[in-house]
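Q: Sequence:
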Amino acid sequence: MMNRHTRLFTFLLLGTIILIGCGSGAEKEEGEAENFTDTMAHEHAGDHPVGNDVAWMQPSVPVKGEDVSYASEVKGYLAIPEEGEKPTAGLIVIHEWWGLNDNVRAMTRRLAGEGYLALAVDLYDGNVASVPDSAKVYMGSVMQNPDAGVQNIGKAISYLKGKGATKIGVIGWCFGGGWSLQTAINYPDDIAAMIMYYGQLEMDLEKLKKLKMPILGIFGEKDQGIPVEQVDKFGAALNSLSANAAIQIYPNAGHAFANPSGERYNEGAARDAWERTSAFLKQNL
1 MMNRHTRLFT
11 FLLLGTIILI
21 GCGSGAEKEE
31 GEAENFTDTM
41 AHEHAGDHPV
51 GNDVAWMQPS
61 VPVKGEDVSY
71 ASEVKGYLAI
81 PEEGEKPTAG
91 LIVIHEWWGL
101 NDNVRAMTRR
111 LAGEGYLALA
121 VDLYDGNVAS
131 VPDSAKVYMG
141 SVMQNPDAGV
151 QNIGKAISYL
161 KGKGATKIGV
171 IGWCFGGGWS
181 LQTAINYPDD
191 IAAMIMYYGQ
201 LEMDLEKLKK
211 LKMPILGIFG
221 EKDQGIPVEQ
231 VDKFGAALNS
241 LSANAAIQIY
251 PNAGHAFANP
261 SGERYNEGAA
271 RDAWERTSAF
281 LKQNL
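All the letters of the sequence shown, read from the start, carry residue numbers 1 to 285 under the numbering used here.
Hints were generated in silico from the structure; no laboratory data involved.
Just to be clear, a hint being listed does not mean it is correct.
[To be verified] Straight line, CA to CA, 27 Å or less: simulated BS3-like cross-link-like pairs of lysine-lysine: (1) K222 to K233; (2) K64 to K155; (3) K64 to K86; (4) K161 to K207; (5) K161 to K210; (6) K167 to K64; (7) K75 to K167; (8) K282 to K167; (9) K75 to K86; (10) K210 to K167; (11) K212 to K282; (12) K167 to K207; (13) K210 to K155; (14) K210 to K282; (15) K167 to K155; (16) K86 to K155; (17) K207 to K233; (18) K86 to K163; (19) K155 to K207; (20) K136 to K75; (21) K282 to K155; (22) K282 to K209; (23) K212 to K233; (24) K161 to K212.
Take these sequences, add in the hints, and give me the full structure.
A: Below is the structure:
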């Protein structure tokens with residue numbers, strides 16, 4: 001039997017454990033966000049966002065693009081085909097860790113040329129990085145406050161619906177690849193198709209259960225930031241949930257292999273990934 005002093009000590013100890021437990025989840029998420037940001041900084045060390053000729057490849061049909069406000073305080077870049085009927089399929093484009101720069105605008109136009117209302121969102125509040133140190137700061141800020149990013153993308157979804165989009169897909173690379181996945185998790189009823197290029201993975205089965213839309217995951221076998229072992233686990237998790245997912249891993253391709261402004265650009269893998277992306281969107285949007 002416990003005496004009064006023993007009970008008091010026990011209650012105090014339990015209270016301390018509970019307080020530690022309550023804080024550990026948030027602290028763990030913050031630590032994971034910081035670690036992933038550091039990992040991306042390592043992967044992009046020495047990189048500069050200067051595109052090669054592929055970055056400026058013209059869309060398959062004439063496209064017009066313009067800066068728009070998809071909420072009163074949030075700006076993005078909208079591209080649509082110039083001719084023919086206005087598309088009813090929308091596509092949210094999420095930039096990689098440099099921000100919404102000219103390379104992302106060019107890719108948004110190229111995607112619009114496939115027949116979509118393509119909206120490139122801006123998760124960096126107008127900031128664009130030209131060196132890795134700045135990109136790390138901007139990315140870290142978003143990763144530490146993910147709720148703001150989720151709300152930002154929610155406004156983009158509403159904007160595309162207001163423009164007449166009846167189906168909406170999402171695509172992103174690197175930082176944007178992880179956010180493409182999180183967009184699908186947070187807005188499963190609004191997203192009809194999701195593509196992620198070598199983005200941060202999610203292993204929580206409760207979250208992954210929400211993914212009812214077709215999924216295309218594109219990764220590089222030599223990616224040290226998103227190791228292939230983790231990609232395999234991610235694919236296995238989706239398979240265990242009977243998700244409609246296709247995971248493509250390219251041999252001898254590293255992180256950011258599809259980025260024509262990166263040091264690790266792999267032309268063959270990037271070309272095949274684009275063809276898969278185009279076919280996937282055509283089939284599901």
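Q: It remains to establish, for every hint, whether it holds in the given structure.
A: Status of each hint after checking the structure:
no.: 1; hint: K222 to K233; in the structure: holds (16 Å)
no.: 2; hint: K64 to K155; in the structure: holds (22 Å)
no.: 3; hint: K64 to K86; in the structure: holds (12 Å)
no.: 4; hint: K161 to K207; in the structure: holds (25 Å)
no.: 5; hint: K161 to K210; in the structure: holds (21 Å)
no.: 6; hint: K167 to K64; in the structure: holds (21 Å)
no.: 7; hint: K75 to K167; in the structure: holds (22 Å)
no.: 8; hint: K282 to K167; in the structure: holds (12 Å)
no.: 9; hint: K75 to K86; in the structure: holds (22 Å)
no.: 10; hint: K210 to K167; in the structure: holds (18 Å)
no.: 11; hint: K212 to K282; in the structure: holds (18 Å)
no.: 12; hint: K167 to K207; in the structure: holds (22 Å)
no.: 13; hint: K210 to K155; in the structure: holds (20 Å)
no.: 14; hint: K210 to K282; in the structure: holds (23 Å)
no.: 15; hint: K167 to K155; in the structure: holds (15 Å)
no.: 16; hint: K86 to K155; in the structure: holds (21 Å)
no.: 17; hint: K207 to K233; in the structure: holds (15 Å)
no.: 18; hint: K86 to K163; in the structure: holds (9 Å)
no.: 19; hint: K155 to K207; in the structure: holds (21 Å)
no.: 20; hint: K136 to K75; in the structure: holds (21 Å)
no.: 21; hint: K282 to K155; in the structure: holds (24 Å)
no.: 22; hint: K282 to K209; in the structure: holds (25 Å)
no.: 23; hint: K212 to K233; in the structure: holds (19 Å)
no.: 24; hint: K161 to K212; in the structure: holds (20 Å)
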